[in-house]
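One letter stands for each residue in the lines below.
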Amino acid sequence: MKGWWWKGLSVVLLLYVVIVGLRTPLGPALVHVSVERIAPGEVSFEVTGYNTHFQEHAPHLWLENDGQKLCATSVTPISDAAVSVTFTVPQGLRESMTSIRAWDVKDGPLVLHEAFFTEGRGTGITETPCAIQETARTSFAFPNRAILNETIRNLFFHVPMWFTMMVLMTISFWQSLRVLRTGDLGADRMALSAVDVSLLFAALGLITGSIWARATWGNWWTSDPKLNGAAVTVLIYAAYLILRGSIPDGHKRARLAAIYNIFAYVLMFVFIMVLPRLTDSLHPGNGGNPAFSSYDLDSSLRALFYPAVIGWILLGVWAYTLHLRVSRLKALSDDASD
Amino acid sequence: MRSILVEKFARQSLRSLRFNLFSAPSAVKLFFAFFAVRTMRSTEIAHLLKLEWQLDRRQKHAWGSMALYVVSTVYVCYQGVRHLSETPIWNALFWIILLFAAFNALGRSFQRENSGRQLYLYTLASPRSVVLARTIYNAITMAVLSLLSLAAYALFIGSAPLEGAQMGTFILVVMAGGVGFALVLTLISALAARAGNGIGLMAILGFPIVLPMLLSVMKASKLALDGMGWDVTGKYVIWLLLIDVITVVLAWLLFPYLWRD
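Here the protein sequences line up with chains A and B, keeping their order. Here the first sequence stands for residues 1 to 338, numbered as in this note's numbering. Here the second sequence stands for residues 1 to 261, numbered as in this note's numbering.
Please note that the accuracy of each hint is not assured.
[Claimed, not checked] As a list, the in silico BS3-like pairs of lysine-lysine whose alpha-carbon atoms are at most 25 Å apart:
hint: 1; chain 1: B; residue 1: LYS60; chain 2: B; residue 2: LYS50
hint: 2; chain 1: B; residue 1: LYS235; chain 2: A; residue 2: LYS226
hint: 3; chain 1: A; residue 1: LYS106; chain 2: A; residue 2: LYS69
hint: 4; chain 1: A; residue 1: LYS226; chain 2: B; residue 2: LYS219
hint: 5; chain 1: A; residue 1: LYS330; chain 2: A; residue 2: LYS7
hint: 6; chain 1: A; residue 1: LYS330; chain 2: A; residue 2: LYS252
No lab work stands behind these hints, which were simulated from the structure alone.
Next up, chain B with everything else stripped away, as it sits in the complex (with noise of 0.2 Å):
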């Protein structure tokens, strides 16, 4: 009852915070509309996320074909190389089929929307909601499609490289690829639906930018394989959080010029 209170409060000071920003403003409601703000800035996130899922689910292909895609990828690889039990080789070519996934995956994610529907959505949410709801829709769908290319992976390549391994290390390596992979990719794949030049653009523009990300993810599950603790993996993957960290503050910085026609 209360919060439902001082959100009430807060955008009523927000909304007389519009008209007399030069007039009155006080500490106390400059607070107030900051809060205010923020609380609708985070739920409209949250319908847009809720709008990307129904969306998702909506389209059952969509979910389908990205699967379809690892899968018959790692089968291809498969009829190539059979087993495959040499570590740096198995962990080159895993990371190899999981960057050209999230390619493929995340090319399509501005893809879908018709201008006229994107007209809509941008008098409805602030673009830097859209941007953000989008990057971490992204992240939790690569989260989630890494750890199924593993599965897929282990499963026809061979696990023999797993054996020796520092598991948690591992998957907790191969998810911060992934999610890296989704924040890096999802303005490339916005600018390279503005451009109208689809996905081959968006893999021009994009690899250069996920290739450092790229080497370092691949040294430190090359570590994680050779059975290395955290103490080793670590700073790669603090660095890749760095990588992280700039990546959506700039996306969150330049979305909006993107966003406007």
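Excised from the complex, chain A in its bound form (with noise of 0.2 Å):
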């Protein structure tokens, strides 16, 4: 059993990936507030947090405004996910948006960010200290964004499948030299072996990102430059198999898949790598938006990410082996039944 040990460890790497990563809770956060602007005097509502655990400890509370805090008269949990809370609003907020913030034991700091239109406003006020100490939270969970919410476990499933693809049409792309090298007719077999396999996982990496962008974006296909690159990249494949399918001959149909490979994988790597930079993306890392590395993909994200990439990519290589084997043995019976 000479080399199965990276099977082994795509196996172990994609069960650490499916158990530890749709098991780990999102991190506690301030979803919503029950009004939507304050004015000067006494003002009472309700915040709800999810994930958050109120009612274990109760929070503190505080309104952010330019930097200046105002700390809450009364603070009374409802449950774990919501508080009621009291604050007695001065005459003076400088800025036209205010955030909340809230700090307990267990769940760290949280913050809703511009929570509330300020009434009132004026050129500042004079803050009472309020005695909070602000240590982190401690629990291993995954960061909780607006928008993305739960769907942040994606992320080591959607993206992974691309990689795979890309190391995959890499594979087929290098054998496609080698035809054209030697004109070895068993690098043309592992050159269809890893596009067929790749195809599979490019229809894995739609789906899964059909998915997210419905339950993000609100729509199952948008006309995204990540998206387009996506959908030529199936269609290049697809026609590559359609080359080799109109063309009899084996030696003919192996030079000939071999130079449309090539100059398609150039191609359209130079294609998904230049032209989201070019146009916007709704992607993360494109047309100003900030890529997962710089504010989503904190240590907690990274512990999964990585092996799942690993994992993802073995098991796709591991598919291509095993592929490439049964299209052995069918070149083999064919040649026996001839």
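Take each chain as given, in its own frame, and dock them per the hints.
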């Protein structure tokens, strides 16, 4: 069993990703306040949290406006995810939007940015210091982002699909180069197997991406450069399969398919790399959107994302070797029956 | 007179290099060998270009069919929509017409050779010269054809969107788009011809590869029609040139494998 260890590694990594990636909770966050604006005077409202522990540890709450703090006068937890709070708002808050912050021992610091419109604005208030020691949360959880919410876990499935597809297409590209150099039909079979399996991963990437787009952007398909890139990629490799199907002679088929594969692969790569930077994209890292790594890929996501990438790529290569064995056996049995 | 002497010497040194490559490779000889190869290639390409031109002049129906294809497509669209004044639709329809005109015009680029004449060409010329000559010829063809299409299109469908446009930039983008289609589709046309499956296969193979180019060129021409200057459209044209260069290099590298049988 020479060389089996990486198959085991891929299984272990993917089990880890599926179990830990789906069972780890999202971090706590403030998601909603029951009033839209605050005016000078007594203001009472309800704050809704997600995965918070307000009942266990009563939180401290304070408003923040242009760096100035205003502490709550009374805090009454209703449940773990809801708390009723009262502020005495003075005249003179500076900025038009006011944020609300909270802290408790278990959940750490929480914030809902620009939660309220401010009324009765002026040149600032006199702060009363509120005794809060802001220690960070220690529990292991994924970042809780507006819009993304629980779908952030899809990062471990959607993105590695495309990485795996790219790796398999690169294998296919390499084997196509070998076909042109040596005219080896075995290399041609490898190129074909890699394309077949990479198309499977492209389909999985499209499905997971489509579900994610529906959940976050509200649509199954949008006209986004990355989506156009994915569509072009799938069309190119479908055309590759059709080209192969239209040539009966084995050696000629190998050569022409290799030429098309090399031509298309290079152009596709240039397209996927450059075009998203020319036009706006909804994806992170394009058109002014920050990349995942700069704000979302914190240590908890990294601990799952990198194993997921390695695991999926190894699984893809494994599937490719199996597919290749099947096609070799088919070729052998065809030869035998002839 | 001097240049003839230099070329003569270069050819001689190349000949001696062929036989004595391992015995006496001096730097001078290598230098002149390169020079000789370059001059030979460019004259070869010039001859092939001339051949293409003569072939097309002899078969006048080739040019006529391209022009007729464009005009009749535009006329069919005219019957469908009469006059278009909305810029985005005007722009999109124009590029669709030009795209299919390109497929139609370039599809025959490698189809007209029968195998006997191809073998003859194969023994005469280097495959790289053949593909470069075809590419250059197709690029010139498409530059002319794109202008012709634009004229026919503006005549029938209406030139309202052109009034607020940056005309210089727009025409440049149209020609760059046409030339870009020609560069990408030349190798595809050769592939489809070799696979023996004609224009249908060419559409299937060419469409996904042309699509990225089409998207950026449509965007650039839309911007030019909206009156945006070179500072906005420039990056799309540069990106187009980047694809062009990569395409020509790939065709140059890959064509010899396609050419031999």
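Cross-check of the supplied hints:
no. : hint                : result
1   : B:LYS60 x B:LYS50   : holds (15 Å)
2   : B:LYS235 x A:LYS226 : holds (19 Å)
3   : A:LYS106 x A:LYS69  : holds (22 Å)
4   : A:LYS226 x B:LYS219 : holds (16 Å)
5   : A:LYS330 x A:LYS7   : holds (24 Å)
6   : A:LYS330 x A:LYS252 : holds (20 Å)
Checked against the numbered hints above, the structure breaks none of them.
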